[in-house]
Amino acid sequence: MTHNNKYSLSPYIKCTSAILALSFFALQAMAQPKKVDSLNNLIAQATSDTQRINLQNHKLEILNSINIDTAIALGVNIINEAKRINYKEGELKARSNININYCFKGNFVAARQNLSIMKDMLTHINDSVTLAAMYNAYGVMYAMQNKFDSSHIFFDEGIKVSLLNKNDKVLTSLYQNNAISYQQESNFSQAIKCYQQALALAQKYNNEKNQAYCYLNIGIAYNSLDDNDRSEKYLLDAIAIAQKLQVKNIEAYGFANLSSIYSDKKEYAKEYDLAIKAAALGKEIGDQGIQASSLSRAGLSLGHLGKYVEGEKLILSSIKIADSSKQPYNIFQAYINLGMIQKMQNKYSQAILNLEKGFIALDKSDMYSPEVARAYSDLSECYEKTGDYSKALTSFKMVAKIQDSIKGKDNIKKATELTMNYEFEKKQQEAAILQQRQNDLAKEKQKILIIGLGLTLALAIVAFRGFTNKRNANRLLHKQNVRIGRTLTELKSTQKQLIQSEKMASLGELTAGIAHEIQNPLNFVNNFSEVSTELIDEMNIELSKGDIEEAKAIAGDIKSNLEKINHHGKRADAIVKGMLQHSRSSTGQKELTDINALCDEYLRLSYHGLRAKNNSFNAKFETNFDESLPKVNVIPQDIGRVILNLINNAFYAATQNPPSGGRVAAPTVWVSTKNEGDEVSISIRDNGPGIPQNIIGKIFQPFFTTKPTGQGTGLGLSLSYDIVKAHGGTLNVESKEGKGTEFKISLPLV
Amino acid sequence: MKVLVVDDETDVKILFEQKFRKEIKSGELEFAFAFSGEEALRFMKVNEHEAVLILSDINMPGMSGLELLKHIKEKYEKPPPVVMMITAYGDDENYNEAMKLGADDFLTKPVDFINLKEKLKSKSV
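Protein sequences, first through last, are from chains R and W. Here the first sequence is numbered in numbering that gives the first Met the number 0, starting from 0 and rising by one per residue. Here the second sequence is numbered in numbering that gives the first Met the number 0, starting from 0 and rising by one per residue.
Hints listed in this document are in silico derivations from the structure and should not be mistaken for laboratory results. C-beta atoms are modelled at their ideal positions from N, C-alpha and C, and glycine is treated no differently. Do not rely on the hints blindly, as some may be mistaken.
Straight line, CA to CA, 27 Å or less: simulated DSSO-like cross-link-like pairs of lysine-lysine [stated by the list, open to error]: (1) W:Lys74 / R:Lys558; (2) R:Lys619 / W:Lys21; (3) R:Lys619 / R:Lys738; (4) R:Lys612 / W:Lys108; (5) R:Lys312 / R:Lys384; (6) R:Lys558 / W:Lys122; (7) W:Lys21 / W:Lys74; (8) W:Lys12 / R:Lys619; (9) R:Lys576 / W:Lys108; (10) W:Lys69 / R:Lys612; (11) W:Lys1 / W:Lys99; (12) R:Lys612 / R:Lys673; (13) R:Lys146 / R:Lys192; (14) R:Lys706 / R:Lys673; (15) W:Lys99 / W:Lys21; (16) R:Lys491 / R:Lys469; (17) W:Lys21 / R:Lys544; (18) R:Lys619 / W:Lys69; (19) W:Lys120 / W:Lys69; (20) R:Lys619 / W:Lys108; (21) W:Lys44 / R:Lys619; (22) R:Lys495 / R:Lys569; (23) W:Lys24 / R:Lys544; (24) R:Lys551 / W:Lys21; (25) R:Lys630 / R:Lys724; (26) W:Lys74 / R:Lys569; (27) R:Lys243 / R:Lys232; (28) W:Lys74 / R:Lys619; (29) W:Lys12 / R:Lys558; (30) W:Lys99 / W:Lys24; (31) R:Lys265 / R:Lys697; (32) W:Lys1 / R:Lys612; (33) R:Lys282 / R:Lys356; (34) W:Lys69 / R:Lys558; (35) R:Lys724 / R:Lys203; (36) R:Lys146 / R:Lys400; (37) R:Lys551 / W:Lys24.
A few chain R residues that don't get close to chain W, going by computed Cβ distances all over 10 Å [to be verified]: (38) Asp119; (39) Asn526; (40) Asn560.
So that you can see chain W by itself, here it is in the shape it has in the complex:
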């Protein structure tokens, strides 16, 4: 399963690659990275329907994670990819907004990788 991670912090790439090194090695999971909402959209245009799961930060300069979520859920008809939101501010307003826009899950930073791994595995089955 291909997962697209969207975050403005570039070091998340190295972190995810190491945290999921076993899964990547075994081919169970495949990761792609985008460092802004705009870049994520460009990636999805070029690699249509390749990523089935998107993991996005909310607070990014330019297009925010929520705008990206809205765009994906409106524009990608079938099947819309699974979108999980990650944010440093786990407040009700962000949560409600994300859920309203159709987010499939909502995680707060710091990310619990054990939990995330389980979630990804259950989605990939």
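Only chain R is shown next, with the shape it has when bound in the complex:
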């Protein structure tokens, strides 16, 4: 049992608390919002009541992202004024705008009442835009109470309506809110998908603010997927735009989440600074949720820095703010952070009290996040320290339950990624990481052993209960085994599919090159056969003139033409064959292969492919093939794929501008081979910007790519590495920043 537990539970626990609550979206002006001041002027000059109300609604949309309390006050004013002059459209608009602010304040009673009035009004007025906005508000209200199933129903309904009436403004908000809802459920792949839909709309309208929202939330999603580098990049982008446009709430959430990245990195001083910045911004915009969450994070980071008293004080102040925000997750965060800082000081009973308080706040919500799992894991440890092994086990089971749930919700690619990364690291034999893992496993084992020992004691006292427990445990164990087996099979099949799709992707890149490469020999076949026909006519004329010598000379030309036709026909044939081999999914047979010819063929394919795809592509290549190279026993299409991949990369790198700007040499790729006696080496070198030292260790990892999203699978070098290794060879890289990169394949001759 212990043996199984350590594998099924431990790899998924995040080391530090992760994600903060996210901001849901009110409707925003699609165009760049005018300054509130100039709007106030327009409102003062309004010539009719309805015009004034419309302008005030516009102001409300802007205030939504500035200050919640002011927005509510203005919204109530507009509603009263609209009622007075019986301007239903204006009233509806204000109601749909104000609703989210009630939710932010945790005043769900007011929100529900407001929505129910809207619903009644809409049965008399046919206004599909406001209807969609109302569905949006319902969705937000349920999502903020962690009732995600209900929220998706309303968002989906709203999206349907908005797609029909083509109102992109409401649609944007719906996509974003649906995404946040998925994100809070830990369904990150679905969340990123929705953000991309929203981002596309924001880009369509060149709306920088919405782009910033999307960057922010995509950054948060990547953080949840433990991809800190990508996450940081997106968050910094979001913060930069937010500061430029003065959108404080994006800035606040940006800093808060950036802070959580530094927590993951264990850079607690930085975590503290950023959290304090976020909390100050939260206070400025009246968002108590982010304020509380950031303060409690800052407090915990002080704890990590050994400043327990200050930290606890800060967290206590955050609990007050969290309580008045009425948002369950913020309250939960504040209490568990208090518990955690107490646990750090070995005050286990106090810690248990506060952790349990945190879980009470979460009551009735279906929040299954890594953060909750982490909290249960801490609670388990506290119970264990206080000798309450039964409760320790119960908490531990909760961890397992949440992990299973997160695992189920996580997309399969993520799981594959984890597995493949794990495999890779194993292969690399990175001693340090391995050591760390072993230590962790030993610790985990020890922990479970202690719990097990405690349990055994309890079992001895209550034998019957123990017997039942054991039977249940065995049953659970059996179930887990079956499930793990099934997951493994699924992972293997997904991995196969990914490899095949990478093959097809690189084939797609080749298509243009192949077309060019086939077109040239075909032109020769056609031209030489045409000219031969002309020559035969001429030969007949010479024969009838009786000039046998000239006829013979012409026959000689015809013969050489036929050889040319044959040569170019074979050339086209070889290209088509190579293409078929390349896409074949089963592995080929090893055969004695001319490496020089293989390099030459794929160099041409790559060069013409890039040239055909991009007219401005401009690079040179030089070859230096060692004529004494013996044939090597390899699977030609596999090694060909490695060569092609490295050459494609080299051309890509050579044509990138160096980060320092200014380029001295023309983009060039060198391909050379060398007979090294007991092995042959293939070198592919470029004079591109080089690979930065901090990422050179990662380039062979699966899914690692520096290309923009969607342009590279990140599998090319990883598969290349595997192929060369399977041939008993090595694949090495040397790179100098600003000078270029050289990849060297070495293949043994025996």
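Following the hints, position chain W against chain R.
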């Protein structure tokens, strides 16, 4: 008239020699061949003003046909030779670029030799 053909495919030499065997025999046309832009420039340096018509492929490794065209039209003042471009990709971008650089004609592969023969003959008159 001397025609310099520039193409990275070496078999164009045999092809042109056969397609224009009558014209070569009668002395009407004379052909020289270069297999890269760089080689073409070297040829022109050594045999200055001998070739009056250059027929160049665009897509070649190293110096492309367009770079060669630019070089010729800028460096050879009087009289700059006639330059005709040949390419497998007859897209607008290549065409416009070639015309901007002063190409005298633009042909797409596969080459229509009957048409080319007429063009060469009209230029040689």
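Status of each hint after checking the structure:
Proposed proximity of W:Lys74 and R:Lys558 is contradicted: the alpha carbons are some 43 Å apart, above 27 Å. A threshold of 27 Å between alpha carbons decides the hint, and for R:Lys619 with W:Lys21 the separation of about 38 Å lies outside it, so the pair is violated. Proximity of R:Lys619 to R:Lys738 is assessed by CA-CA distance (about 16 Å); at most 27 Å being required, the pair is judged to hold. Among the hinted pairs, R:Lys612 with W:Lys108 is consistent with the structure: their alpha-carbon atoms are about 17 Å apart, no more than 27 Å.
A threshold of 27 Å between alpha carbons decides the hint, and for R:Lys312 with R:Lys384 the separation of about 25 Å falls inside it, so the pair holds. Note on R:Lys558 and W:Lys122: the hinted pairing is violated, with a Cα-Cα distance of about 33 Å set against a maximum of 27 Å. Pair hint W:Lys21 plus W:Lys74 does not hold up; C-alpha atoms about 34 Å apart against a cutoff of 27 Å. Restraint check: the Cα-Cα separation between W:Lys12 and R:Lys619 comes to about 24 Å, which is no more than 27 Å; the hinted pair holds.
The hinted pair formed by R:Lys576 and W:Lys108 meets the criterion: a straight-line CA distance of about 24 Å does not exceed 27 Å. Between W:Lys69 and R:Lys612, the direct Cα distance comes to roughly 23 Å. Compliance with the 27 Å bound is thereby established for this hinted pair. Taken as a hint, the W:Lys1 and W:Lys99 pair is honoured in the structure, with Cα atoms around 25 Å apart against an allowance of 27 Å. Taken as a hint, the R:Lys612 and R:Lys673 pair is broken in the structure, with Cα atoms around 32 Å apart against an allowance of 27 Å.
Annotation: proposed proximity of R:Lys146 to R:Lys192 holds, straight-line Cα distance about 21 Å (limit 27 Å). At most 27 Å may separate the alpha-carbon atoms for a hinted pair to count; R:Lys706 and R:Lys673 exceed this at roughly 31 Å. Distance restraint check for W:Lys99 and W:Lys21: the Cα-Cα separation of roughly 35 Å exceeds the 27 Å cut-off, and the hinted pair is therefore not satisfied. Among the hinted pairs, R:Lys491 with R:Lys469 is inconsistent with the structure: their alpha-carbon atoms are about 32 Å apart, more than 27 Å.
With a C-alpha separation of about 17 Å, the suggested pair W:Lys21 and R:Lys544 falls inside the 27 Å cut-off, and the hint holds. For a cut-off of 27 Å, the pair hint linking R:Lys619 to W:Lys69 stands: about 18 Å separates their Cα positions. A distance of roughly 25 Å separates the Cα atoms of W:Lys120 and W:Lys69; the hinted pair therefore holds under the 27 Å criterion. Taking the CA atoms of R:Lys619 and W:Lys108, the gap is near 23 Å; set against the 27 Å cutoff, the hint holds.
For the given pair, W:Lys44 sits about 23 Å from R:Lys619 by alpha-carbon distance, which is consistent with the 27 Å threshold. For the suggested pair R:Lys495 and R:Lys569, the alpha carbons sit about 33 Å apart, so the restraint of at most 27 Å is broken. At most 27 Å may separate the alpha-carbon atoms for a hinted pair to count; W:Lys24 and R:Lys544 meet this at roughly 18 Å. Only pairs whose Cα atoms come within 27 Å are accepted, and R:Lys551 paired with W:Lys21 is accepted, the gap being roughly 17 Å.
Proximity of R:Lys630 to R:Lys724 is assessed by CA-CA distance (about 19 Å); at most 27 Å being required, the pair is judged to hold. At most 27 Å may separate the alpha-carbon atoms for a hinted pair to count; W:Lys74 and R:Lys569 exceed this at roughly 42 Å. Taking the CA atoms of R:Lys243 and R:Lys232, the gap is near 17 Å; set against the 27 Å cutoff, the hint holds. The hinted pair formed by W:Lys74 and R:Lys619 meets the criterion: a straight-line CA distance of about 23 Å does not exceed 27 Å.
Proximity of W:Lys12 to R:Lys558 is assessed by CA-CA distance (about 16 Å); at most 27 Å being required, the pair is judged to hold. Distance check on the hinted pair: W:Lys99 and W:Lys24 sit about 36 Å apart at the alpha-carbon level, beyond 27 Å; violated. Among the hinted pairs, R:Lys265 with R:Lys697 is consistent with the structure: their alpha-carbon atoms are about 21 Å apart, no more than 27 Å. For the proposed pair W:Lys1 and R:Lys612, the alpha carbon gap of about 35 Å is over 27 Å, so the pair is violated.
Proposed proximity of R:Lys282 and R:Lys356 is supported: the alpha carbons are some 25 Å apart, at most 27 Å. At most 27 Å may separate the alpha-carbon atoms for a hinted pair to count; W:Lys69 and R:Lys558 exceed this at roughly 40 Å. For a cut-off of 27 Å, the pair hint linking R:Lys724 to R:Lys203 is broken: about 46 Å separates their Cα positions. Of the pairs offered as hints, the one joining R:Lys146 and R:Lys400 holds, with about 19 Å between alpha carbons and a cut-off of 27 Å not exceeded.
The suggested pairing of R:Lys551 with W:Lys24 holds, with an alpha-carbon distance near 17 Å, which does not exceed 27 Å. Look at R:Asp119: its CB is around 60 Å from the nearest CB on chain W, clear of 10 Å, so calling it non-interface holds up. Against chain W, the non-interface label of R:Asn526 is violated: not every CB pair exceeds 10 Å, the least being about 5 Å. Distance to chain W contradicts R:Asn560 as a non-interface residue, since its nearest Cβ pair spans about 7 Å, not more than 10 Å.
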